[in-house]
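Chains as they are written, first to last, in the working numbering: chain A, 1 to 113; chain B, 1 to 889.
Mixed in with the good hints, there may be bad ones.
Stated by the list, open to error - In the SDA-like style, the derived pairs of lysine to any residue whose C-alpha atoms are separated by at most 20 Å in a straight line are:
{"id": "1", "chain 1": "A", "residue 1": "Lys76", "chain 2": "B", "residue 2": "Ser14"}
{"id": "2", "chain 1": "A", "residue 1": "Lys76", "chain 2": "B", "residue 2": "Met34"}
{"id": "3", "chain 1": "A", "residue 1": "Lys76", "chain 2": "B", "residue 2": "Ala68"}
{"id": "4", "chain 1": "B", "residue 1": "Lys325", "chain 2": "B", "residue 2": "Val282"}
{"id": "5", "chain 1": "B", "residue 1": "Lys688", "chain 2": "B", "residue 2": "Ser591"}
{"id": "6", "chain 1": "A", "residue 1": "Lys76", "chain 2": "B", "residue 2": "Asp331"}
{"id": "7", "chain 1": "A", "residue 1": "Lys76", "chain 2": "B", "residue 2": "Thr61"}
{"id": "8", "chain 1": "A", "residue 1": "Lys76", "chain 2": "B", "residue 2": "Ile701"}
{"id": "9", "chain 1": "A", "residue 1": "Lys76", "chain 2": "B", "residue 2": "Asp17"}
{"id": "10", "chain 1": "A", "residue 1": "Lys76", "chain 2": "B", "residue 2": "Lys141"}
{"id": "11", "chain 1": "A", "residue 1": "Lys76", "chain 2": "B", "residue 2": "Val282"}
{"id": "12", "chain 1": "B", "residue 1": "Lys141", "chain 2": "B", "residue 2": "Asp331"}
{"id": "13", "chain 1": "B", "residue 1": "Lys688", "chain 2": "B", "residue 2": "Ile701"}
{"id": "14", "chain 1": "B", "residue 1": "Lys673", "chain 2": "B", "residue 2": "Pro656"}
{"id": "15", "chain 1": "A", "residue 1": "Lys76", "chain 2": "B", "residue 2": "Ser23"}
{"id": "16", "chain 1": "A", "residue 1": "Lys76", "chain 2": "B", "residue 2": "Glu67"}
{"id": "17", "chain 1": "A", "residue 1": "Lys76", "chain 2": "B", "residue 2": "Leu354"}
Hints in this document: simulated from the structure, not taken from any laboratory.
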Amino acid sequence: MGKTAELLPGTLDMLILKAVSLKPLHGYGVLLRIQQISGDALEIPQGSLYPALYRLEHQDLIAAEWGVSDNNRRAKYYTLTAAGRRRLRKETEGWNRLASAITSALNTTPEEV
Amino acid sequence: MLKQIRSLYRILKSRDDFERGMSEELRFHVEQYMSDLVRAGISPQEAARRARIEFGGLNSTQEECREARGIQPFDEFRRQLRHAGRTLRKTPRFTATALITLAVCVGANLTIFAVVDSILLRPLPFPAPDRLVTVFNTYPKAGVLRDGSSTTNYYERRGQIPAFSGLAIYSEATAIVGETGATELVPFMRVSPEFFSTLGASPVMGRSFTEAEMTVQANKVVILSDGYWRRNFNADPLVVGRQVWVAGVANTVLGVLPPGFRFLSSESRLYFPFASRPEDRVPAERHSGGNSKHIIARLKPGATLAQAQAQIDAQNNALERDDPKAKMLADAGFRSVVGPLRADHVASIRPTLLWMQGGALALLLIGTVNLANLLLIRASGRIKELAVRQALGASRWHVVSEVAVETTLLTLAGGLLGLAGGWAGIRLLGKLGAERLPLGADIVFDARLATVAVVGSLILGIALALPIAWFNLRAHPAGAIQSETRGGTSGRMSQRLRHGFIVAQIAMALVLLEGAGLLGLSLKQARAVSPGFRPDHVLTGQILLPRNQYPNWPARLTFNERLLAEISRQPGVIAAGAVNNVPLSGNNGKSAVTVKGYVLPRRGTLRGHYSYGVDGNYFAAMGFSLLEGRFLTAGDSQRGDRVCIVDEDLARFYWPHASALGQRLFEGSDETKDADAFTVVGVVGAVKQAGLTDDAAQGAIYYPYALRNDDSLFVVLRTSLSPESVGPALQKIVRQTGREATITDIRSMDTRISESLITRRAPALLASVFSAMALLLTAIGTYGVLSYAVAQRRREIGVRMALGARPQQICGQFLGLGLRLLAAGTTLGLAGAWVTGQAMRNLLFHVPPFHVATFAGTACIIGLVSLAACLAPSHRAARISPTEALAHE
Numbered sequence: 001m002g003k004t005a006e007l008l009p010g011t012l013d014m015l016i017l018k019a020v021s022l023k024p025l026h027g028y029g030v031l032l033r034i035q036q037i038s039g040d041a042l043e044i045p046q047g048s049l050y051p052a053l054y055r056l057e058h059q060d061l062i063a064a065e066w067g068v069s070d071n072n073r074r075a076k077y078y079t080l081t082a083a084g085r086r087r088l089r090k091e092t093e094g095w096n097r098l099a100s101a102i103t104s105a106l107n108t109t110p111e112e113v
Numbered sequence: 001m002l003k004q005i006r007s008l009y010r011i012l013k014s015r016d017d018f019e020r021g022m023s024e025e026l027r028f029h030v031e032q033y034m035s036d037l038v039r040a041g042i043s044p045q046e047a048a049r050r051a052r053i054e055f056g057g058l059n060s061t062q063e064e065c066r067e068a069r070g071i072q073p074f075d076e077f078r079r080q081l082r083h084a085g086r087t088l089r090k091t092p093r094f095t096a097t098a099l100i101t102l103a104v105c106v107g108a109n110l111t112i113f114a115v116v117d118s119i120l121l122r123p124l125p126f127p128a129p130d131r132l133v134t135v136f137n138t139y140p141k142a143g144v145l146r147d148g149s150s151t152t153n154y155y156e157r158r159g160q161i162p163a164f165s166g167l168a169i170y171s172e173a174t175a176i177v178g179e180t181g182a183t184e185l186v187p188f189m190r191v192s193p194e195f196f197s198t199l200g201a202s203p204v205m206g207r208s209f210t211e212a213e214m215t216v217q218a219n220k221v222v223i224l225s226d227g228y229w230r231r232n233f234n235a236d237p238l239v240v241g242r243q244v245w246v247a248g249v250a251n252t253v254l255g256v257l258p259p260g261f262r263f264l265s266s267e268s269r270l271y272f273p274f275a276s277r278p279e280d281r282v283p284a285e286r287h288s289g290g291n292s293k294h295i296i297a298r299l300k301p302g303a304t305l306a307q308a309q310a311q312i313d314a315q316n317n318a319l320e321r322d323d324p325k326a327k328m329l330a331d332a333g334f335r336s337v338v339g340p341l342r343a344d345h346v347a348s349i350r351p352t353l354l355w356m357q358g359g360a361l362a363l364l365l366i367g368t369v370n371l372a373n374l375l376l377i378r379a380s381g382r383i384k385e386l387a388v389r390q391a392l393g394a395s396r397w398h399v400v401s402e403v404a405v406e407t408t409l410l411t412l413a414g415g416l417l418g419l420a421g422g423w424a425g426i427r428l429l430g431k432l433g434a435e436r437l438p439l440g441a442d443i444v445f446d447a448r449l450a451t452v453a454v455v456g457s458l459i460l461g462i463a464l465a466l467p468i469a470w471f472n473l474r475a476h477p478a479g480a481i482q483s484e485t486r487g488g489t490s491g492r493m494s495q496r497l498r499h500g501f502i503v504a505q506i507a508m509a510l511v512l513l514e515g516a517g518l519l520g521l522s523l524k525q526a527r528a529v530s531p532g533f534r535p536d537h538v539l540t541g542q543i544l545l546p547r548n549q550y551p552n553w554p555a556r557l558t559f560n561e562r563l564l565a566e567i568s569r570q571p572g573v574i575a576a577g578a579v580n581n582v583p584l585s586g587n588n589g590k591s592a593v594t595v596k597g598y599v600l601p602r603r604g605t606l607r608g609h610y611s612y613g614v615d616g617n618y619f620a621a622m623g624f625s626l627l628e629g630r631f632l633t634a635g636d637s638q639r640g641d642r643v644c645i646v647d648e649d650l651a652r653f654y655w656p657h658a659s660a661l662g663q664r665l666f667e668g669s670d671e672t673k674d675a676d677a678f679t680v681v682g683v684v685g686a687v688k689q690a691g692l693t694d695d696a697a698q699g700a701i702y703y704p705y706a707l708r709n710d711d712s713l714f715v716v717l718r719t720s721l722s723p724e725s726v727g728p729a730l731q732k733i734v735r736q737t738g739r740e741a742t743i744t745d746i747r748s749m750d751t752r753i754s755e756s757l758i759t760r761r762a763p764a765l766l767a768s769v770f771s772a773m774a775l776l777l778t779a780i781g782t783y784g785v786l787s788y789a790v791a792q793r794r795r796e797i798g799v800r801m802a803l804g805a806r807p808q809q810i811c812g813q814f815l816g817l818g819l820r821l822l823a824a825g826t827t828l829g830l831a832g833a834w835v836t837g838q839a840m841r842n843l844l845f846h847v848p849p850f851h852v853a854t855f856a857g858t859a860c861i862i863g864l865v866s867l868a869a870c871l872a873p874s875h876r877a878a879r880i881s882p883t884e885a886l887a888h889e
């Protein structure tokens, strides 16, 4: 399993949007895709995935449609909506700003003060 | 936002689909996960265990999902709705009482509101209807409050008043329409060319009138109402240019009005030009309105009523400067009043309607207070259950919303029943003759009314929830659970609230009852008024003579002679006569007379008097009393003698100290040459001309029919039989005697009198129905609260009885409580009744605004009813057995 990191609060939504933006996915697929694209570094609590999906659907950031899975079973597939795409872009920018700010803060040496 | 609402709606619509989909989705996840684990070499049992751990509780996940999807509140609402339905079903007696109370109160309010809405509130069916005004002449000091407008007024004013964008004149009448042999009576209007454009309407087909058609030579044109066009011309699209026959003359159809065109309460189906001769338009005719011609106008955008009034006043002043009668007009208080069209049209009925609505609202208030009390009592019974639930974590919001859902469910159901009640009430009003009120034909039961009912019920439900929620929230869980039967402060507070409600209820019922009593007494007084003639056994009917067959007075006189002779030959007929207008027909015009040798006293003014032309034995037929001289006879008419009869009011006014017989007077406001003077040959008793409650001694004068005739007249006959039974014979005689003469409106004088009281009878009847309901509701309320007080103190009573209290003492204690509430309610009601009586003064007739006997009577009735309601619970209290009461808890 390797080393896993706790999810920061508020980041699950962003990850779901990212995962779904690559390709329409069902709920379990979202879980696998997040693990995959994070290099298995992030631990997603399975129980909190669905409330997050339902919340995003309620906010009209993702849309759901019933389809057929790879093993021929009925499954609900999520896709990114236009609003979801805008939100993802904003969240990504925000995250990058935050991350670089924190990185630069943590890399500060005594000489630089 | 909209999208979310739509998606939420989809989910709520198929709630089961949502649940099924959610289960399926979660199951799919778990199974995929398990099969992935199994594929990685983990045993199926171990895989299932891990999946369960990883996923967490399925139920709580589902609940979180529902919450995330925003449907939690709706689920909660549905649950509360089911809960409310269940609790209401569990207490059928309470629920039935509440529903009936609501149905009655809401139904009564809807019924009255339907009338208020159609008569006072709904805009007239014209564009910018609030810009429409009417202008009428008034001579208040001569006793003539409304005289309409004259043709001269119209020609002098149109285009001359800058505040008006349009001004038109109209008159209404009935004509015999159709070709010989197939005639019918059709109500019609004569209108000036601007009439339709002033209202903001225009013919949908053809054109309106032009100036050229305003002369008597070129006025043989007609515009049809949509109804007439459909019924009489089968909606012929080429109707323009076809003919309508009126009294044997062909009129060319110019146009057809849009469907639904209706001017105020008019039933006109045909519209003719308001044609006149040049001599009708001269200054001398300026004050000849006679309340038969009326002016309407439309205010220019930005212009105000006050500006229009100022401009009309200024014009009148300018015109009066060269009027020889200027002083006389000023003495008579002459003025032309500009008033809003609709408000003016319904002014007579407005106060009555508002009072009726007030009464209905008072009834609703009593009913609501009653419900609040019953609900409070119910809430007290559940206080422990509620305390336990609050202790277990039910939120304040939950407590409040649960109450609101229950009360709203109750009021909505009651409101729907009330809607049915309103429907029935409106039909009842129809039976009472509501369509005879101004704009009364528009009273309908429609979606607007249903909306008012539903919205009103919702508001009522929330209003009812307030005291109950307050009570529930104040109940301290710990205290309520500990307390046995009589709780701490909240118990006392709610008790005070309940008792306050009872006091308010008694007071309001008292006010309603007193109001109904005053209206009833007024009606009784009005009915007791002697009309001045003997109305029993008198049958009347209105005859219309076609102008082409009866163009002048000799022809009309001949007709009368033959008709009356034929009628007199009928079995049972005692006397028969004819008159322009019977008393109380609502159409009695006044005009001036000038008495020879009479000098107006300084500050005195010319007076308008009712004037009539009479033929045959009119006075004997109507049962007038002869005070001096003789009646007019058919002979006077035939000879064309210039004689007349006056009534005692007129005689007293002009000749207070001398006999009226032999005095001479002139028609109109000028003394002309002696040959035109009429000699008074008789004095008759005064009769009620405009209505039984008309107290003004205006004076009346009766001329021979030959000298004052028209193409419309009333035939009056006195019979020894029942008057209605003579109706068919009368109809037959008119048909046989007259060439296309028609008779309508055949009614006995008793019926006319009784119908003239409709604006008193209907309110009195409604008010007594309301107060009977209020009485019943008060009894229910008092009974409920006292019963509860007894039940609540069972244990205490038991202890006291065990310690030797006598049953009479216990009974007396509760009766005393009832009496205290009654006394407080009566005191409050006394003040309310006094204020209400003063305020409704204008509706009363010969009844003081505070009628002591009525108040004492109503207080007695309320007292008896409340006492009766107190007795049963008090008696029950006295019979409580100590052992049972103590064992009970």
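Here's how the hints hold up against the structure:
1. About 17 Å separates the Cα atoms of A:Lys76 and B:Ser14, which keeps this hinted pair within 20 Å; it holds.
2. Between A:Lys76 and B:Met34 the alpha-carbon distance is near 18 Å, which keeps this suggested pair within the 20 Å criterion.
3. For the proposed pair A:Lys76 and B:Ala68, the alpha carbon gap of about 17 Å is at most 20 Å, so the pair holds.
4. A C-alpha spacing of about 15 Å is found between B:Lys325 and B:Val282, which places the hinted pair at or below 20 Å, so the restraint holds.
5. Only pairs whose Cα atoms come within 20 Å are accepted, and B:Lys688 paired with B:Ser591 is accepted, the gap being roughly 17 Å.
6. The straight-line distance between the Cα atoms of A:Lys76 and B:Asp331 is roughly 92 Å, outside the 20 Å bound, and the hint therefore fails.
7. Our distance criterion of 20 Å between C-alpha atoms is met by A:Lys76 and B:Thr61, whose separation comes to about 17 Å.
8. As the CA atoms of A:Lys76 and B:Ile701 are separated by approximately 96 Å, the hinted pair breaks the 20 Å bound.
9. Between A:Lys76 and B:Asp17 the alpha-carbon distance is near 13 Å, which keeps this suggested pair within the 20 Å criterion.
10. Taking the CA atoms of A:Lys76 and B:Lys141, the gap is near 88 Å; set against the 20 Å cutoff, the hint is violated.
11. Restraint check for A:Lys76 and B:Val282: not satisfied, since their Cα atoms lie roughly 90 Å apart, outside the 20 Å limit.
12. A distance of roughly 7 Å separates the Cα atoms of B:Lys141 and B:Asp331; the hinted pair therefore holds under the 20 Å criterion.
13. A threshold of 20 Å between alpha carbons decides the hint, and for B:Lys688 with B:Ile701 the separation of about 13 Å falls inside it, so the pair holds.
14. For the given pair, B:Lys673 sits about 25 Å from B:Pro656 by alpha-carbon distance, which is inconsistent with the 20 Å threshold.
15. The straight-line distance between the Cα atoms of A:Lys76 and B:Ser23 is roughly 11 Å, inside the 20 Å bound, and the hint therefore holds.
16. Restraint check: the Cα-Cα separation between A:Lys76 and B:Glu67 comes to about 19 Å, which is no more than 20 Å; the hinted pair holds.
17. The hinted pair formed by A:Lys76 and B:Leu354 fails the criterion: a straight-line CA distance of about 62 Å is larger than 20 Å.
Checked against the numbered hints above, the structure violates hints 6, 8, 10, 11, 14 and 17; every other hint is satisfied.
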